[in-house]
Amino acid sequence: MQISFWQLRSEQVKESGHEGEMTMENKRNLFGRRQYIVDKRSQIYLAVLLVFYLVIYSLALLAIILGPSALVFTSESTPWAQKVATSREFLSLGEKVVPAVSVIALLLAVHFILITHRLFGPLFRFRRVLRQWGEGEWPRPFKARPKDFHQEVFEDFNKATVSLKGDFGQVKAEISAALAGLQKMESSTAQPEQACQLKNIGQSCQAACAILDKYGL
Numbered sequence: 000m001q002i003s004f005w006q007l008r009s010e011q012v013k014e015s016g017h018e019g020e021m022t023m024e025n026k027r028n029l030f031g032r033r034q035y036i037v038d039k040r041s042q043i044y045l046a047v048l049l050v051f052y053l054v055i056y057s058l059a060l061l062a063i064i065l066g067p068s069a070l071v072f073t074s075e076s077t078p079w080a081q082k083v084a085t086s087r088e089f090l091s092l093g094e095k096v097v098p099a100v101s102v103i104a105l106l107l108a109v110h111f112i113l114i115t116h117r118l119f120g121p122l123f124r125f126r127r128v129l130r131q132w133g134e135g136e137w138p139r140p141f142k143a144r145p146k147d148f149h150q151e152v153f154e155d156f157n158k159a160t161v162s163l164k165g166d167f168g169q170v171k172a173e174i175s176a177a178l179a180g181l182q183k184m185e186s187s188t189a190q191p192e193q194a195c196q197l198k199n200i201g202q203s204c205q206a207a208c209a210i211l212d213k214y215g216l
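Quick note on numbering that gives the first Met the number 0: the sequence shown kicks off at 0 and runs consecutively.
If you're looking for bench data, these hints aren't it; they were derived computationally from the structure.
Source: prediction; values computed, not measured.
Quick reminder that beta carbons are idealized off the backbone N, C-alpha and C, glycines included.
Take these hints with a grain of salt, some might be off.
To be verified - Label pairs and their in silico Cβ distance ranges: (1) Glu-173 - Arg-139: 18 to 28 Å; (2) Val-47 - His-149: 21 to 31 Å; (3) Lys-213 - Leu-53: 43 to 53 Å; (4) Val-96 - Asn-157: 46 to 56 Å; (5) Gln-169 - Gln-190: 24 to 34 Å.
Said to hold, decoys possible - SDA-like, lysine to any residue: derived pairs with alpha carbons at most 25 Å apart: (6) Lys-183 - Cys-204; (7) Lys-164 - Trp-132; (8) Lys-142 - Leu-129; (9) Lys-198 - Ala-209; (10) Lys-146 - Arg-117; (11) Lys-164 - Leu-129.
Please take these sequences and the hints and turn them into a complete structure.
Below you can see the structure in the form of structure tokens.
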């Protein structure tokens with residue numbers, strides 16, 4: 000019995016996916032695809048702006064190059080034969096320049112999107128890390144790709160999270176120690192009012208520990 004390539008790949012996806020489902024990560028690993036447009040609004044806007052400037056500069060350059068010929072063409076003293084030759088020159092140049100500028104603009108826009116992916120890609124993943132942090136998940140070390148821009152920013156972020164985690168861990172240890180002392184004082188005191196105050200302080204300490212526990216600290 001022959002087994003096709005697609006059957007083999009689908010079996011691999013079923014083994015690596017959760018409960019036989021093809022997740023987005025499996026699809027990416029399967030086909031080797033990368034999403035280059037991660038911030039559509041910013042990347043497309045910058046690419047269109049770049050192409051717009053290219054067209055404007057190209058038109059300005061053509062105006063400088065063809066300016067003398069245009070003056071000759073519009074002059075009444077220019078012979079008709081020279082005007083015909085000049086018009087043919089304009090048409091020939093237009094047939095060459097317009098397709099060339101169009102191809103260059105397209106290639107430039109695609110290349111610009113690929114370049115900006117090295118900037119907006121890490122920002123997109125960094126935003127996702129911050130969103131997870133806000134939901135109560137302590138951020139894992141942020142790994143930038145070798146060619147990504149602003150790698151030093153993400154290295155500083157990783158150092159800051161490690162430092163904060165250590166400081167918060169120390170704060171939690173101090174709160175836990177204070178809570179243990181309060182519990183001993185509460186059990187040994189004979190005055191109900193003082194015991195009630197100690198109990199309230201202990202509840203505040205427990206609430207603070209619960210907040211730190213939310214982030215796995």
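Taking the hints in turn, this is what the structure says about them:
1. The hinted window of 18 to 28 Å between Glu-173 and Arg-139 holds, with their beta carbons roughly 26 Å apart.
2. At roughly 24 Å, the beta carbons of Val-47 and His-149 sit within the given window of 21 to 31 Å.
3. The hint said 43 to 53 Å for the Cβ distance between Lys-213 and Leu-53, and at roughly 51 Å that hint holds.
4. A C-beta distance of roughly 50 Å is found between Val-96 and Asn-157, which places it inside the suggested range of 46 to 56 Å.
5. In this structure, Gln-169 and Gln-190 meet the distance hint of 24 to 34 Å, their C-beta atoms being roughly 33 Å apart.
6. At roughly 14 Å between alpha-carbon atoms, Lys-183 and Cys-204 fall within 25 Å of each other, so this suggested pair holds.
7. At roughly 12 Å between alpha-carbon atoms, Lys-164 and Trp-132 fall within 25 Å of each other, so this suggested pair holds.
8. At roughly 14 Å between alpha-carbon atoms, Lys-142 and Leu-129 fall within 25 Å of each other, so this suggested pair holds.
9. For the suggested pair Lys-198 and Ala-209, the alpha carbons sit about 16 Å apart, so the restraint of at most 25 Å is met.
10. For the hint pairing Lys-146 with Arg-117, the CA-to-CA distance comes to about 7 Å; that is within 25 Å, so the pair holds.
11. For the given pair, Lys-164 sits about 15 Å from Leu-129 by alpha-carbon distance, which is consistent with the 25 Å threshold.
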